[in-house]
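Build out the structure end to end from the sequences listed, making use of the hints.
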Amino acid sequence: MPLSRLNPEQLAAAKAPFGHNLIIASAGTGKTSTIVGRIGYLLGQGIKPEEILLLTFTNKAAAEMVERVAGYFSREVAGRIEAGTFHAVSYRWLKKMDRSIILKQPSELKTLFRSIYDKRQFHHIGAEAQPLSANFLHDVYSLWQNASVEEFGEWLEKRHPGQESYAEIYLDIVEEFEATKKEYGFVNFNDLLIQMREVSKRTKLPFREVLVDEYQDTNELQGSWIDAMDPPSLFCVGDYDQSIYAFNGANIHIIGSFTRKYPDARVFTLSKNYRSTAPILSLANRVIEYNERIYPKQLEVVRSGGAMQPKLLIFDNLMQQYEAIAQTIRRSTTPHPQIAVIFRNNATADGIEAMLREQGIPCRRKGGRSFFDAKEVRAALDLATLMANPKDMMAFIHIFEYAKGIGSATAKELFEGLVALGHGDMLSGILHPDDQVNPFKARTVNYQLGLFDHPTHVGSVSRFAHLGFDEKFMAHPILKHPALNADGVTFIHDFFRLVASLRPKKQPVPIMREILASKTYRFIAEQLATKRATLKNGEVDETKKNEAHERIRRKGVLLVQLAGAYRSLEKFINAMVLGGGELSEGEGVNLLTVHASKGLEFDEVYVIDLMDGRFPNRKLASQAGLIEEERRLFYVAVTRAKNLLYLSYAKYDKFKDTSFFPSQFLYEAGLLKKDQVYEKLKQLSEGGEEERK
DNA sequence: ATTAATCCAGTTTTT
DNA sequence: CTGGATTAAT
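Here the first sequence is numbered in the numbering used here, starting from 83 and rising by one per residue.
Worth flagging that the hints you see were computed from the coordinates, not collected in a lab.
These figures come from a predicted structure and were not determined experimentally.
Treat the hints with care, since some could be wrong.
To be verified - Computed spacing ranges between beta-carbons, pair by pair:
1. Asn428 with Lys393: 22 to 28 Å
2. Pro288 with Arg181: 39 to 45 Å
3. Arg633 with Ser215: 53 to 59 Å
4. Asp180 with Arg633: 47 to 53 Å
5. Glu608 with Ala249: 44 to 50 Å
6. Asp507 with Ser215: 53 to 59 Å
7. Thr262 with Val384: 51 to 57 Å
8. Pro90 with Lys762: 25 to 31 Å
9. Arg413 with Lys762: 35 to 41 Å
10. Glu246 with Leu287: 36 to 42 Å
11. Arg375 with Gly489: 46 to 52 Å
Yeah, the Cβ is synthetic: ideal placement off N, Cα and C, and Gly gets one too.
In structure tokens:
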């Protein structure tokens, strides 16, 4: 039984009575075992697995816990537990209620937001504040959705004073943004939670207990999501010192005020650390002590034995640092998957990754980001998306921008024309156009030249006769669009053929295969490969081009592999958005941001680039007292280590010609002797504290 | 007006 | 190196 392995503290928590239970679990105190134990206890009490909801921060974490439960019970029982991220769970339930959902990449919706913003005029007069930029306003809006249940206008006023005169325009933009998303059938991450919260308010869900992992990173939106569900029993596990998602609206106040919110709350504290050696733990604790305490922290070290002290590595310049670390890793006897290199921001990782590969050390970097950002992957998925959601004008425009002579404006007109020809359905507009319908809105520009109106249209189609397409295609009304040239018509022809052959298919794998083999996709791939192989002097390097094609082909293979796990196209596409970021490529040494390292542990850990400005991020730390969050980030990073911990920094970046001071956390950790530099850094951070008040 | 080419800045963190 | 913004060309 899972309970027999727990220590008394963990056992008490796992066997807590129903109600509102908060478990304060510091790093490495067996939080996962306790949650698994709790689930075992619930099942033992006769609770059905489908009455248990387990919310985790990543889907991988959920899968791991379910897997451990399966080890004690059975895969069948464990599989019935509702487990996943807030987003994944919301998605599943909304699908269960038969909603059609097409998740879009955040960047896509940001583009949409920008286009709506750009339609507005801001008249700002000299002394007034500049209006917020489109991108910034989008992020502000998204943060508001996550961080607040107040009205947007009021919240904005508090957070960005001086913007009052634009508030009306902002609200108008936001309103149109919401309406447009609805029109095109788009849903973003926030919408999943917001829609699910609405559902929970109306429908009582069958959960007897909700378990929340990483409770310290719950934001207001997620908090209200739980409130709306109003489960009879809550089991929240978290650690105040590991709250690192303030940028996403995570509010430590939520975990901090748990006992005030629920007067009947019971609090359990897990204080025995099983993960790290004494020197690693004491370093972590020394630093986190600089933060104000909400709960007293008395971590007990369980492990004993001759442990190595954490080692500080100092380098003259950045590349030397990466090189030396790569060498140290090469010499290490620790198996590669048990080694992690942890950094504050992703941008830094390119240097170390390149260096590791150069030295022949295999590594894996979390974030399928690069994969899903690749244009060829986007294009393949956009084509698939059009079959699942023919209302997706953005996907259509992206595809047609590859056609010569067709830009976003013409693509939009083509899309709207096809929708009109299909009485609201773009696909039937392609396959069975109603030729009684005029696909084009009157364009004032053309009609000023009245004379040419009619002849232009007829003539424009006949001039494509030499292309040799069949009559049925040549009769398609959309070809009358005046801006089309031969290349554009050819592109449309191939695209229509693809749509026709995809239409009867339902399974993701054959659909993806068909897309990858299509002329449309091959044409796009050819363009991308050529562009990637074009040298500065304009010549195309054939070898490079072949390599580019090979990389594109491999991504296609991976896409088909991924598609194999899904039974419907819509689910496949959504999963690529919902879980895509959790995909990691390769095997070997782990390259992780601090945020991505949360919840993981490794024998050997390198925390790199510990320079002031980078870690802590000075731009952030100097504002709004966020130095505490940066400190928590440091705490999370170092507590990933079980046995060996290396901290490193470089004094100089040759490439950018900038010098660095060491991170103030290195002083706080006692690795550097406090000097004038430290005093100066401390002042900078405290300056931020002042500003807050 | 729209597309295509060129230039320029920039890069926190996640579902 | 990408994506956005500016500019040149159609």
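Status of the hints after comparison with the structure:
1. Asn428 with Lys393: 22 to 28 Å: Given a distance of about 25 Å, which is inside 22 to 28 Å, the answer is holds.
2. Pro288 with Arg181: 39 to 45 Å: violated, 19 Å
3. Arg633 with Ser215: 53 to 59 Å: violated, 35 Å
4. Asp180 with Arg633: 47 to 53 Å: violated, 40 Å
5. Glu608 with Ala249: 44 to 50 Å: holds, 49 Å
6. Asp507 with Ser215: 53 to 59 Å: violated, 37 Å
7. Thr262 with Val384: 51 to 57 Å: holds, 55 Å
8. Pro90 with Lys762: 25 to 31 Å: For Pro90 and Lys762 the Cβ distance comes to about 47 Å; the hint is violated.
9. Arg413 with Lys762: 35 to 41 Å: holds, 37 Å
10. Glu246 with Leu287: 36 to 42 Å: holds, 41 Å
11. Arg375 with Gly489: 46 to 52 Å: violated, 58 Å
When held up to the earlier numbered hints, the structure conflicts with 2, 3, 4, 6, 8 and 11 and fits the remainder.
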